[in-house]
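J.: Could you put together the complete structure from these sequences and hints?
Number of protein chains: 2
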Amino acid sequence: MKLKKQEIDLRMSKLQDWQLSGDTIKKEYKFKDFSESMAFVVKIALEAEKVQHHPDMTIEYSRVKIVLTTYSEEGLTSKDFDLAEKIDTFVGA
Amino acid sequence: MKLKKQEIDLRMSKLQDWQLSGDTIKKEYKFKDFSESMAFVVKIALEAEKVQHHPDMTIEYSRVKIVLTTYSEEGLTSKDFDLAEKIDTFVGA
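If you're matching them up, the sequences are chains A and B in order. Residues in the first sequence are numbered from 11 upward in steps of one, following the numbering used here. Residues in the second sequence are numbered from 11 upward in steps of one, following the numbering used here.
Be a bit skeptical, because a hint or two may be false.
Pairs involving identical chains hold if they fit within one copy or between any two copies, as the list cannot separate such chains.
Result set (DSS-like, lysine-lysine): computed pairs, CA atoms no more than 27 Å apart in a straight line [as the list claims (entries may be wrong)]:
| # | residue 1 | residue 2 |
| --- | --- | --- |
| 1 | Lys89 | Lys42 |
| 2 | Lys24 | Lys40 |
| 3 | Lys75 | Lys36 |
| 4 | Lys36 | Lys96 |
Don't read these hints as lab results, they were simulated from the structure.
T.: Printed below as a string of structure tokens:
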């Protein structure tokens, strides 16, 4: 179910460095090199298949950009924020 | 070494469905699902490490966008076209 503005603000306040952009949330991660970027993307891909929710991902050598939204609801849902939190755990504390 | 316009036109004429866009060449591939997109991206990643030339890659569920350029030369080189041809072999005939 699509989240209301108030719910989105609450979930955003618990995220680190994610940006709200229209009906999406996005974040850019920086790694040592391409190999580390790919390791991160593969980890996200496995999680995405497990929870059946798939972010858009862009790999630019040592940079990875993640965009989350729920197309079927045409907006942000708890699935997006749950996955965002999970993705952040993949890069350590 | 950065290719001249004439060399670029020649190499472009041998590629299928790649687009010339400024100092880059790009192509979008369509797959059955996210899992197939990821399999394609991982295959490209392994090749990229082997030849030490790394495309920008965007995964949007069943769509994969590839952009090639040679940053160190600020333009297109034979590395870009060699990798483009190789990438096309990964999706079958």
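J.: So, for every hint listed, does it hold in this structure?
T.: Hints, one by one, checked against the model:
{"no.": "1", "hint": "Lys89 x Lys42", "in the structure": "between (29 Å within a copy, 23 Å between copies)"}
{"no.": "2", "hint": "Lys24 x Lys40", "in the structure": "within (21 Å within a copy, 35 Å between copies)"}
{"no.": "3", "hint": "Lys75 x Lys36", "in the structure": "both (7 Å within a copy, 18 Å between copies)"}
{"no.": "4", "hint": "Lys36 x Lys96", "in the structure": "within (14 Å within a copy, 31 Å between copies)"}
Every hint, counting from the list given before, is met by this structure.
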